[in-house]
Structure formats: structure tokens, C-alpha cells
Amino acid sequence: MRLLVLVVLSVALMVFDARFTLLKPVRSQMSLVLMQSYWITDLPQRLWQGVASQFGSRTELVAENEKLKTENLLLQGRMQKLAALTEQNVRLRELLNSSALVNEKVEVAELIGMDPNPFTHRIIINKGERDGVVLGQPVLDARGLMGQVVELMPYTSRVLLLTDTTHSIPVQVNRNGLRAIASGTGNPERLELRHVADTADIKEGDLLVSSGLGQRFPAGYPVATVREVIHDSGQPFAIVRAVPTAALNRSRYLLLVFTDSRTAEERANDAAQAQEALDQHGGGPIIPATVPRPAAVIPAAVAAPAAPVAPVTAPAAATTPAKPVAAKPAAAKPPAAKPPTAQPAAVRPAVKPPVSAPATPGGRE
Amino acid sequence: MVGITASRNGWIVWLTFAVGLLLSVSPLPQFMEILRPLWLALLLAFWALALPQKVGMVTAWCLGLAEDVLYGTLLGQNALILTLITYLVLALQQRLRMFPMWQQSLVILVIFGLAQLVQLWLSALTGNRQPTLALVLPALVSALLWPWVSYGLRGLRRRYRIN
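Those protein sequence lines, which keep their order, are chains D and B.
Counting along the first sequence from 1, when you hit position 198 you're at 275 in the working numbering, and nothing is skipped either side.
Counting along the second sequence from 1, when you hit position 95 you're at 96 in the working numbering, and nothing is skipped either side.
Among the clues, some could well be false.
Sample of chain D residues with no beta-carbon within 10 Å of chain B, all distances over it, derived [claimed, not checked]:
1. F93
2. S114
3. E164
4. D218
5. I258
6. L284
7. V306
8. N326
9. A349
10. A354
Computed footprint of chain B on chain D; a stretch qualifies when at least three of its residues, placed anywhere within it, have a C-beta under 8 Å from a C-beta of chain B [unchecked claim]:
11. 144-158
12. 191-198
I should point out that these hints are in silico values taken from the structure, not numbers from a laboratory.
Small disclaimer: the values here were computed from a predicted structure and weren't measured.
Positions of the beta carbon are idealized from the N, C-alpha and C atoms, including for glycine.
Could you build the full structure based on these sequences and the hints that come with them?
Shown next as C-alpha cells:
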């Protein structure tokens, strides 16, 4: 008798939970207490990490520090080029009257648990509704897209990985823009492209990036690399297998992507200002070596229109080359900029404004 | 025996259930994931045999709901499974108590296997179907673990005179 009541009750609950959202608050309240158990079971790992970092040997730490510094330098160098490229991209898109690229903000989250069911690929992260996470939010790691948020709890959320059998993502071949859909296979090292024509131009080693067509994942993030393409004459479509670029079962720190709603221009300005602030706070002494090159090229083209804008952001060093007219001072600029302030840190502010500011006057001309 | 002494040290039962919940989400190496024993079901089976007046289907149902929240399955799915398991254990209670340990294990294997089949059926309904054969492995591992769990909990019960 009691069995009957309980069975009926659970079946009713299941149907209700599947069809309506009414039970979500109940679930989230329960999870508030229960999700602590993931945290607790993760504790030994965390303790171990803590102990390891306490007792890590000095040489190891120094080596790691060295490595990180090099990496940081490389990444910063790349970032510098990226700023210029972003500007260029914004300008070109303005010329084409096409919609602006959406810029994304990311926030770091930490993995606190795996789903115990081995047949689903889901993970638990330590950011939840109270941290501003929303349903369907994309999750990345350092190398590529990982998945999306499928369940929200107050301080945790559940992320469905790309390789789950119930997950598919619209992708594009980076080389030629060929569109396809990558579905999970249940194997953490494999995605499959469904319904790719036998004659499609896709080959081993191609990088697949998200196409943004599903309106869930932002466009342009790496998803997978094609591992093999099998043309079987008995099959209507080619069999394409790919390996996710993200370390789906190894990453511990993940990035949550927040798309932002600013316009392209605001974003460009903000980005430039942020970059400038960053530069003023100090970068490595080696970075300026890469900077003067764009500085020598770009002012030649835009030194004149930059004149009204430059004083706003740049210190005195920038105004000196801008006042003399024509293209000649551009060539003389690096030497002109150096005398006032000898340290390399001051050179960059002089360089940045011409890169960022002309975007507006250039577009209106 | 029932009702003569007031319930004593009942919190230890709940403590074991809490530990069971932790064990059921504790991280395991990849290859052992499909072998993860049904900890809660094992604990429920033991306590339902030992203290039927205290641990029954309602307890099982509540724990199942907790497990649903932890696993992110539909609310009620694991609750149904655990209720079924407890029901079967309670129905076979008189005989199970008389059985030697290996025979108990065998019965546990059958009960858990049935429960896993229901689980398969339910998850197929909700859209994530699993490879069929591997699904019975947790039941097998649980049956193999049953003697140890049983002896351990019996020792615990004797020591603290849980009633």
C-alpha cells in the first residue's frame, strides 16, 4: 500500500518535473544543502593541492615561475597585435555596414565535481545563479569550447559537455567556412560531424570553430580538430570524426562567457583604455621591442586626423609629433618621442592613441 | 524486541546515509565509474533488514529525492528505484535473515539488477539511453560488496547498540 502511494508520487513528480518549471525552486533549495557533498568529496583533492603548494620545492617554483613569465610575455605580445587587429576589424566592418563582432567577457569558474553517471558527460562548477550565471551559458577552457550550462543552482551549476550523446553544436571549418553540426558520441575524445556530403571540402587537421548559428554559442571559438574523414561508398554521407580541442576531462579551471551588449565603438574605446591602463601599470621591459613597428606605420597614415583626439589620452609626448603637419614627422616620430621620457613604459601611451582613436574620425571622413 | 527499548543512537543511521550520499558522488577514476556500487541502496537494504521499524520505504524515498538532486536526474527517478529496492528487501526480509551470506549476496544481486533495469527504462524515457550490458555492473559490484558492508554495519550496530 505504502509502496503504491510512493510509486505514484514519484511518477507524478517525474512527470511534473519534466513538464513544468514549478519544481525548480524546490530543487534549488534542496541543492543548497546537498551540493555541499560535491564540495566535501572534492576536499581531499583540494587539500592535497594546498599541501603540495605549501611544500613545493623552491627550484620547482622558480622553474614554474620562469615558465609562466615566458608564457605571459608571449601572450601579451600576441594581445598587442590583437588590439590592432580588433580595431582594423571594427573599421572594416563599419565600412561594410555589417553587424559588429560581439565581444565577450569571461569569468573563471572551478570544477568541483563530475557527474557520477558514467554515461553522461556533465560536470559541476562552483559558480551559480547568485554569480550571474544563466541557463545555456557557454563554458570554455584555455584551449576551446567545453559545453554549456544546463542546470542552475544557487551557488553551483551543472555543465553539459560537448561530447555528451545528447549534445550537438553548430560548427564551421575555419579554413573555408563550411558549416556542419558536431554531435557528441559519449567518448570524451571524439565528436562526429553529421550529414556531411561526401564531396565536401573537409580534411584531416581542419580546425572546427563554433559558427554561432545556434544562437547559443558565440562564434569563432575553437571546438575541435578533424581527426579522420572516411569516404565509404556504401554510406550516404562521409564519416567525419574530430577531437575536441578543449581538455574536456582534464581542465580544472574553466571560463564562463558573458556576452556584453555595448556597441562596437564603445567596446573599442573601452578596450583601448583598458589596454592603456594596463600598459601604464607596467608591462615587461621587452614588449616595447614589438611595438615601435606598428607605431612607425600607422601614424604615417593617420597622424593628421589623430591631432584632435590625441591630447585627450596621450601625455605630452604624443602631441609633439602631431603638431608638425604632413607625413614627414611620422618617420621622425620614434626619435621625437623618446627624448622627453627615456623609459620604455612611456613610449607606449604615445603609441596607443593613434591606434585606437582614429577609428572614429576615419569612419566619418 | 520491537518497541521494548526506545530508539537509541538513531543518528548513527543517518550518519551512515550521509556518508552514503558522499560516496555516491565521490570522484572515481574513469574506468571505475561504471562500477560505482549503489551505496545508498546497500545501506538501505542493511538498515531495512536490521531496523525495519525505523528505516522503510519513506526513508528510501526521501533519500532517493536527495540523490536525484545530486545527480540532476528528474525528481523522483532515483526515489522510485530506491523505494522499489526497499520494498523488495522488506518483502523478502524473513527469508533473507535466515540465508547465509553468499545467498544474501545473490538475492541482493537479483534485486539490484531488477532496479537497474527499471533505471534503464526510466532513463530511456528521458532520452539518455545507456549501453545495456554495462548497466548491471553496479549491481554486481554491490552484491560483491554486500558481505563487507553487512559485517561492517553489524559491528557498528552492536558497538553502539543502535535500536
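Hint by hint, here is what the structure shows:
1. Against chain B, the non-interface label of F93 (chain D) is violated: not every CB pair exceeds 10 Å, the least being about 8 Å.
2. Taking the minimum C-beta to C-beta distance to chain B, about 5 Å, the non-interface status of S114 (chain D) is violated against the 10 Å cut.
3. Here E164 (chain D) stays apart from chain B, with its beta-carbon at least about 44 Å from theirs, past the 10 Å limit.
4. The beta carbon of D218 (chain D) sits about 18 Å from the closest Cβ of chain B, which is more than 10 Å, so the claim that it is off the interface holds.
5. Here I258 (chain D) stays apart from chain B, with its beta-carbon at least about 18 Å from theirs, past the 10 Å limit.
6. The non-interface label for L284 (chain D) is consistent with chain B: the shortest C-beta to C-beta separation is roughly 27 Å, beyond 10 Å.
7. The beta carbon of V306 (chain D) sits about 26 Å from the closest Cβ of chain B, which is more than 10 Å, so the claim that it is off the interface holds.
8. For N326 (chain D), the condition that its CB be more than 10 Å from all CB atoms of chain B is violated, with the nearest at approximately 7 Å.
9. Remark: the non-interface label on A349 (chain D) is consistent with the geometry, its nearest Cβ contact in chain B lying 43 Å away (cut-off 10 Å).
10. Non-interface call for A354 (chain D) relative to chain B: holds, since the shortest CB-CB distance, roughly 41 Å, exceeds 10 Å.
11. Coverage of the stretch 144-158 of chain D by chain B is violated in this model, with 0 residues showing a Cβ closer than 8 Å to a Cβ of that chain against a need of three.
12. As drawn, the stretch 191-198 of chain D meets chain B at 7 residues by the rule of a beta-carbon pair under 8 Å; at three or more, the given contact holds.
When each numbered hint is compared with the structure, violations occur for hints 1, 2, 8, 11.
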